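Peer 1: Residues per chain, in single letters:
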Amino acid sequence: MKSTMHWLTAGLAGLLLGMGLILSGMANPEKVIGFLNVTGLWDPSLGLVMGGGLVIGSLGFALLRQRRLTLLGEPLNLPTNRTINGRLIGGSVLFGIGWGLTGICPGPGLVLLGAGLDAGLVYVLALLAGMGLYSLIERQRHPYQ
Amino acid sequence: MTIDWNAFNVTTAIAAMLGGAMIGAAAVWLAWANGRIAGISGIIGHMVDLVVQRKHEAFGWRVAFLVGLIVSPLVWRMFAPLPEVHEQTGLIGLVVGGVLVGLGTRYANGCTSGHGICGLSRLSLRSLVAVGCFMGSAMVTVFLMRQLLGGAL
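The listed protein sequences derive, respectively, from chains A and B.
Count along the first sequence starting at 1, add 5, and that's the number in our numbering.
Read in our numbering, the second sequence has 28 at position 30, and its numbers run on one by one without any break.
Be aware that one or more of the hints could be misleading.
To be verified - Some chain A residues judged to face chain B by a derived CB distance under 7 angstroms, without partners named:
(1) 54
(2) 111
(3) 126
To be clear, the hints were calculated from the coordinates, so they are not data collected in a lab.
Bear in mind that the values here come from a model prediction, so they are computed numbers and not experimental data.
C-beta atoms are modelled at their ideal positions from N, C-alpha and C, and glycine is treated no differently.
So here's chain B without its partners, still in its complex pose:
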């Protein structure tokens, strides 16, 4: 393991901690105000279930939450330029990866927000197991892609 000092410096470390604190605050706020867990895969997945299984139930607050998330870069841009984004994979990788994330998070009942932030904050053992599994498999995947295949997808 070698630390990438170009990517990791005082500025990025402070931004990471502050940004993380905002993510935590958003999760606590949604639980406090609405009594809901800010799990993004669960929120989208519930809406998909309602459509696919033709259940007559309103999307309700979920729509507002997702709209807030989607417009956040537009609101950011009103005050400052958006940080640069460097995509790491092509079309095939995005499609295969997106489908796997969709399937996997529904079976696991959560993703980085629901298990990673909310679950670990509530000291849930179930979420700790989930985080260990997805962090582990993501690290192995990156290792295989970068070190062995040279990032081919």
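If we strip away everything but chain A, and leave its shape as in the complex, we get:
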């Protein structure tokens, strides 16, 4: 019963997130590249997406900070990692190169896949390959975990 609720609440979150990506223009690579194209013809729209997300997000997470339990009555543990290292910086730079090449980050990739676009399918398969590669490298480095 409890896991059914987990599935329902998570499914609802995914659906709402996807709708937000479509409405905001994040799921259209042209809008994303338009925002990243700061030295050319610049489309500031995605700055407003971030703005809208951060207004609701910071209010919501500030309220959640005062809670110990989730809606489903479990411990509410938000991330505590504060490490800033080469992995974080190098990984983010690589991600940015891929994002700049395609105009697609992981969420919009899944939305484009769901919309039935070939580009979405190719992108998501490549994304999975990149993640699989990471997972293999990590398994080589820490075989007994």
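Got chain A; can you put chain B on it based on the hints?
Peer 2: For chain B alone, kept in the frame of chain A given last:
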């Protein structure tokens, strides 16, 4: 810098803000209901780890979250036509870019949703550094592709 007034007008600005608010609300909802961070690369990456490293652990709520995301355009289409999508790169660009996004987000432990929306909302310095790095490298990449290579890939 020249603002592209064809792409940026009152309608798109309102849609961007409302859509952004929905993204923020989805992230807060998942944290409130499930106690989880709505980081898409982390959610997919964890499932990939479980498969690649043959760990016996259920995917659980992650599947439902991803299904919700994937069916969102189908649900949208029941009420209104989907907005137009203009792809910006060909097959090679999609493959190279997708692999780089997969690798990079796993090393960085997050992408636009996890670091950009959730992390910045929680005032995480770590996420601020990540966002600065990926925004910066994405802008440089677009500059190199558009201005110097003429968008060849």
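Peer 1: Hints broken by the structure, by number, lowest first?
Peer 2: Those not satisfied come down to hint 3.
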